[in-house]
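Student: Here is how the chains run, residue by residue.
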Amino acid sequence: ILNVEQSPQSLHVQEGDSTNFTCSFPSSNFYALHWYRWETAKSPEALFVMTLNGDEKKKGRISATLNTKEGYSYLYIKGSQPEDSATYLCARNTGNQFYFGTGTSLTVIP
Amino acid sequence: NAGVTQTPKFQVLKTGQSMTLQCAQDMNHEYMSWYRQDPGMGLRLIHYSVGAGITDQGEVPNGYNVSRLKKQNFLLGLESAAPSQTSVYFCASQRQGGQPQHFGDGTRLSIL
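These protein sequences, in sequence, are chains S and C. Residue numbering for the first sequence is 1 to 110, as defined by the numbering used here. Residue numbering for the second sequence is 1001 to 1112, as defined by the numbering used here.
Honestly, I wouldn't trust all of these hints.
Subject to a maximum C-alpha distance of 25 angstroms in a straight line, what follows is the list of computed SDA-like cross-link-like pairs (lysine to any residue) [as the list claims (entries may be wrong)]:
{"hint": "1", "chain 1": "S", "residue 1": "Lys-57", "chain 2": "S", "residue 2": "Arg-37"}
{"hint": "2", "chain 1": "S", "residue 1": "Lys-57", "chain 2": "C", "residue 2": "His-1102"}
{"hint": "3", "chain 1": "S", "residue 1": "Lys-58", "chain 2": "C", "residue 2": "Arg-1095"}
Stretch by stretch, here's where chain C covers chain S in the computed footprint (C-beta under 8 angstroms, at least three residues) [claimed, not checked]:
{"hint": "4", "stretch": "42–52"}
{"hint": "5", "stretch": "62–71"}
{"hint": "6", "stretch": "90–103"}
Simulated from the structure, these hints should not be mistaken for laboratory data. Note that the Cβ used here is the ideal one computed from N, Cα and C, for glycine as well.
Construct all of the structure, not just a fragment, from the sequences and the given hints.
Tutor: Right, here's the structure in full:
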């Protein structure tokens, strides 16, 4: 089993604050790293797919970086808004299979 | 634009009963997967398929079987349900390996 670990487990921030969380994964045999956003009572939605060491992806106020050599990815949210409240999942993709972390639960307080 | 559709949304079974969870996707995706989601644990892969007629085991396959006769459908079967299989089950599809997955809304299954 290829463990994916996410930290912190949960996070509360004030509206307007910027925040970031970490996804750690085994660096051997890397194929791709995925980030998903999972709102309560909905299904996970894809944010980013990252494949190359040094990759940086951005979507609005959310961005992510990837370091495949040391096995970590950061997700950043700039100027958090209440609608950003969700669980953020990362998953290591080995081609056919996905190994998910347990997620970081973000609550943005108005 | 349905995406990935799972049926049923909720189900209660007694220990020993059998059941099939259905998943359908209308995006012509090659890959489909079944996950279970339990408190304190991430999504865990049960079985996956890389094309019609082709299936393989994931991380937690015991107690489950799958069938993918048509590209658009992926069925998850429980032959003899056990309380340990109480969980929320998610189906996902993707265009091909490495592409992002599209998830269904989940099936909440309780085994008494």
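Student: Looking back at the hints listed earlier, which ones does the structure fail to meet?
Tutor: 5
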